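Take the sequences, apply the hints, and build the full model.
First to last, the protein sequences are chains A and B. Just so you know, the first sequence maps onto residues 641 to 752 in my numbering. Just so you know, the second sequence maps onto residues 25 to 136 in my numbering.
Source of the hints: derived by calculation from the structure; they are not laboratory data. Owing to the predicted nature of the structure, the values given are computational and were not obtained by experimental measurement. All C-beta atoms in this analysis are idealised placements derived from N, C-alpha and C, irrespective of residue type, glycine included. Hints may be right or wrong, so weigh each one.
Stated by the list, open to error - Facing chain B, a subset of chain A residues (Cβ under 10 Å, in silico): (1) E646; (2) N670; (3) Q673; (4) G680; (5) D732; (6) S738; (7) R739; (8) G743; (9) Q747; (10) T749; (11) V750.
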Amino acid sequence: SQQGEEDPQALSIQEGENATMNCSYKTSINNLQWYRQNSGRGLVHLILIRSNEREKHSGRLRVTLDTSKKSSSLLITASRAADTASYFCATDASTSGSRLTFGEGTQLTVNP
Amino acid sequence: DTGVSQDPRHKITKRGQNVTFRCDPISEHNRLYWYRQTLGQGPEFLTYFQNEAQLEKSRLLSDRFSAERPKGSFSTLEIQRTEQGDSAMYLCASSLVRYEQYFGPGTRLTVT
Numbered sequence: 641s642q643q644g645e646e647d648p649q650a651l652s653i654q655e656g657e658n659a660t661m662n663c664s665y666k667t668s669i670n671n672l673q674w675y676r677q678n679s680g681r682g683l684v685h686l687i688l689i690r691s692n693e694r695e696k697h698s699g700r701l702r703v704t705l706d707t708s709k710k711s712s713s714l715l716i717t718a719s720r721a722a723d724t725a726s727y728f729c730a731t732d733a734s735t736s737g738s739r740l741t742f743g744e745g746t747q748l749t750v751n752p
Numbered sequence: 025d026t027g028v029s030q031d032p033r034h035k036i037t038k039r040g041q042n043v044t045f046r047c048d049p050i051s052e053h054n055r056l057y058w059y060r061q062t063l064g065q066g067p068e069f070l071t072y073f074q075n076e077a078q079l080e081k082s083r084l085l086s087d088r089f090s091a092e093r094p095k096g097s098f099s100t101l102e103i104q105r106t107e108q109g110d111s112a113m114y115l116c117a118s119s120l121v122r123y124e125q126y127f128g129p130g131t132r133l134t135v136t
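In structure tokens form, the structure reads like this:
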């Protein structure tokens with residue numbers, strides 16, 4: 641079963657605008673990760689935030705984590721058409737670090 | 025290409041047939057994971073290896089599914105007596121430590 645829920649399910653914006661995607665989860669976690677998936681392809685790791693971190697940046701990406709609310713957000717600034725993809729949050733809640741539990745994803749469309 | 029590779033990329037089979045997929049992880053990675061992804065959903069964990077030992081299996085992995093990782097290098101996932109519900113993308117990932125997982129392009133299985 642899916643632990644995470646992404647919001648919104650679909651997001652359509654114009655190139656240059658910012659895109660914000662949210663993720664909620666149910667259990668305590670070790671870390672939370674965001675992945676991108678282009679249609680029909682494998683997943684690409686974007687960024688990892690540990691449970692003791694509140695915010696992390698990587699290039700045009702900004703991730704926040706609120707463990708009290710069991711939620712995370714991914715902000716993509718100055719979006720480009722090439723950012724069009726599905727974005728998934730994944731939580732690592734296992735003791736062995738053996739599994740990631742993915743949400744259902746947000747489909748982002750950036751219009752040129 | 026030093027990423028995770030999967031073979032075949034596409035497989036069409038008739039219900040009741042057996043199929044086998046192969047995953048070659050990044051060479052220095054000792055952790056290997058299998059996930060299944062159906063259309064419009066996030067990946068779901070199937071099983072995990074550390075070196076050659078299969079340490080965790082999801083309850084999604086029924087008796088018809090078996091995975092191996094002989095010698096701790098490549099891995100195979102076999103599905104016996106395929107059913108239409110097995111149609112999905114089968115993703116393999118590898119990692120060196122418990123954090124970022126690197127995904128292959130996936131094998132898309134269609135059971136007719």
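Comparing the hints with the structure gives:
| no. | hint | verdict |
| --- | --- | --- |
| 1 | E646 | holds, 8 Å |
| 2 | N670 | holds, 8 Å |
| 3 | Q673 | holds, 7 Å |
| 4 | G680 | holds, 8 Å |
| 5 | D732 | holds, 7 Å |
| 6 | S738 | holds, 4 Å |
| 7 | R739 | holds, 4 Å |
| 8 | G743 | holds, 5 Å |
| 9 | Q747 | holds, 9 Å |
| 10 | T749 | violated, 15 Å |
| 11 | V750 | violated, 20 Å |
Consistency with the previously given hints fails for numbers 10, 11, ordered from lowest to highest.
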